[in-house]
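Asker: Turn these sequences into a full structure, and let the hints guide you.
Residue numbers (UniProt numbering), protein chains in the order written: chain A, 1 to 359; chain B, 1 to 286.
Treat the hints with care, since some could be wrong.
A few chain A residues facing chain B, derived, Cβ under 8 angstroms [what the hints assert, rightly or not]:
| id | residue |
| --- | --- |
| 1 | Asn78 |
| 2 | Met84 |
| 3 | Asn88 |
| 4 | Phe103 |
| 5 | Met107 |
FYI, nobody ran anything at the bench for these hints, they're computed from the structure.
Heads up, the beta-carbon is just placed ideally off N, CA and C, and yes, glycines get one too.
In case you want the letters, here they are:
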Amino acid sequence: MENLQSSTLQLRKLTKRYSSFDAVRDLDLDVPSGSLLTLLGPSGCGKTTVLRMIAGFLNVTSGQILVDGKDISRSEPNFRDIGMVFQNYALFPHMTVEANVAFGLKMRGVTKEEQVTRVREALEMVQLAHLADRYPSQLSGGQQQRVALARAVVIKPKLLLLDEPLGALDRHLREGLQFELRELQKKLGITSILVTHDQDEALYLSDYIAVMNQGQIEQIDTPIALYDKPRSEFVARFLGVPNIFDARIVSTDAHHATIGLGGHTMPVSNMDGHAAGGECKVAIRPSHIEVVRADDGRLGLPGVVKTAHELGERVVYHVEVNDLKFEANTPRSSNFERFTVGHPVKLVLDPAHTVLLRA
Amino acid sequence: MIVQRSDPTRFLITPALIVGLFIVSAYGYFAFSSLFLKGLPGTQFVGELTLENYRRVLFTGSNQYVLLSTLWASLVISLITIAIAVPMAMVIVRAKRQWVGNIIMLAIAVTFLSGSVTRAYSWLILLGNKGLVNLGLSGLGIVDAPIRFLYNWTGVGIAISHYLLPFAAFTLIGAVRNLNPSVEEAARSLGAGRATVFWRITMPMLLPGLMVTLVLVYSVALASFLFPMLLGGGKVRMIANQIYDRMFVEYDIPYAAATAVVFLISAFVSIWLISFVAKKVEKAVS
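Answerer: As C-alpha cells, this is what we get:
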C-alpha cells in the first residue's frame, strides 16, 4: 500500500453543550499531517465526545472541524472520509473478514478487481490474509481488532480515529498490537487521533499527547515533555506523580528558581516564568529522588524512612520530611544501600526534574 | 453425571405428572373421537373406526379453502405486523428523546393489557361504514364512498395485526437493544448512507430476532378466533371458527376433532417450514 496523502486536522473553538453541562468547551487543537495525537484523560473529560464529533456521530454545538482547511463539522459521517477503529471492534458479524474489509471500497464504487487487490494488501499488512474467509466470531480479539484496522485504512481515509482500540484486549496482546499499530500508522503516514485513558499506551504510541480535563485541553506536548514537565497539578496527578507539594518561590532567574520546601531551599527549573515571592506547587517523580545517608554532603532534605518495600527491580520508600511525605524509588542495582524503617536519610531531588506547576 | 437413585426430589414431579396426564388424556380422547361418527344427541360418538371425518376435512373444497386461507393470512398478517413493529422497537430503544419511546411503549402496553372483546368492538366502531376512519377519510375528501373494512379480510387483518403488535414489539425490543451501535457507526464512517446501513447492516444483524418473532406471532395469529368471528361477520372464517361451529352449532364432535387434528399438524408443519426457511435465509445473508 503506497503512502497516503496526509491531511491536517484543526479544531477551532469546538464546543458540545448538553442541557446541563458543556462536554467540550471552546477546544482548539492542531494535528500536524501524518502524526498521531492522543487525547488522554479520565473518563468524562470529553475525549470521546471530541472523537465522536470528528467522526460525525455527534452534532457539534459550535465551532469548526477543519480537515485540510475545509470545515466538515456539518457533513454526514459517510462523506467525511474517516477511518475509525472502535474499542469493541464493531466488525460486521454477518460478513467474512474479506467482506468486512471490502465494505468501504464497495461503498466507494471501487471496481471488483481493485477491491480484491486492495483487500488482500490490507489484510497482508495486518498479517491476516490467511483468515480472509473466516467470520469475525471465529477470530480472537486481537485478530478482530486487526481486521478492524485493515477495514479502516483500506479506504485510504484522510483521518484515522482510534477509540480505545486496545482497551478490550489483555495485556500481552495489547503490547503486541501497540507495536503493530504504531508501525502501521508511521508507514502509512495517516494523521491519527487516539483516545485512551491509559497513559502508558499514550506515551508509547503518540507523537503528541493532549491531556484533557473537563472538556478542555490542560496540556499538549510530546510524550517525553509531558512526562518530564507536567505543567499543572491535574496533569501531574493524572500521569501518576505522587509527590506534589505546596512551595514558596524564593528567587528566580532566566530558567531556574529557588524554592522553599519543607523548611529548606531547593534549586529547581523554572520554564513557565514563575515570579519570585509567590506560592506555587512543585512536582517530582519518585525516580528522580535519590535516597542517601543523612551525612551525605549534597544539598537535600533530611527525613526519616517510614516504609520501605522492595518491589522487583526497585525499592519504594516513603520518607517524611517535616510533615511532607515523599515517595522515592531506588533501583535495586547490585550494591545499593538498604535503608530500614526509622532510619534517618537525606533526599536529593534532581533539580532538572523538579517541576513548578501552574498555580 | 452421577444419578442418585434415592433422590427424593423426583417424587415431587408426581403432581405435575398427574395434571399433565389429565390434560394430555383429554386431548387424546378428543383426537381419538375423530375416528368415529357423530352419535345421537346426548352421546358423543358411535360406530366403528372410520376415516370418514378426515376425508371430509381434507377433500372438501370449503375445508381446504378455510385451512389454506388461515395459514396464508396468518403469514401475511404476521409479516405486516413485523414490518410495523421493527421501526417501533427501534424508536423505543433508540429515540434521542426518551419520552417518545416511553409513550410508544405505554401505548403498546395498554394495547397488550386490554381485552380482546373490547378491542374487537373498538375496531367495529372505528372501521364501520359510518366509523371514525371512514368519516375522517370522506370528510377530508380522500374517498367518495366509504371503504368497506368490516366483514372482509381487511378489517380482520387490521384487528389481528393490532393484537399481535405487542408480541412482536416486545420481542424485537430485546433484539434491537442487543445491537451494537458501533457496528452501524463503523458502516457509516466507511461511506454507507442511512438507508444502506439499515438494509445491509442493521437488518441482517436483526434477522435471528426477526425470525423468532415471526414464528411467535404466526403461531398466535393461527389461533385467531374472536376477531374473525366478530369482524368477519360470517364471511371471513378461520379454522378456529370452523372448529367452534362444528362443536357448538352442529354438535359434531368427531368432525370438529378431525378438523382440529388436521389443523394442529398443518400448523406444526408450517411453523417448521418457516424456521427452516429462516435458517436458510440467515445462512444466505451471512
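Asker: Each hint: holds or not?
Answerer: So, going through the hints one by one against the coordinates:
A least Cβ separation of about 5 angstroms between Asn78 of chain A and chain B falls short of the 8 angstroms threshold, and the interface hint therefore holds. Given the 8 angstroms rule on beta carbons, the hint for Met84 of chain A holds: about 5 angstroms separates it from the nearest Cβ of chain B. Annotation: Asn88 of chain A was flagged as interfacial toward chain B, and the flag holds, the nearest CB pair being 6 angstroms apart, inside 8 angstroms. The restraint placing Phe103 of chain A at the interface with chain B holds, with a minimum CB-CB distance near 5 angstroms, inside the 8 angstroms limit.
With a least beta-carbon distance of about 3 angstroms to chain B, the hint placing Met107 of chain A at the interface is held under the 8 angstroms criterion.
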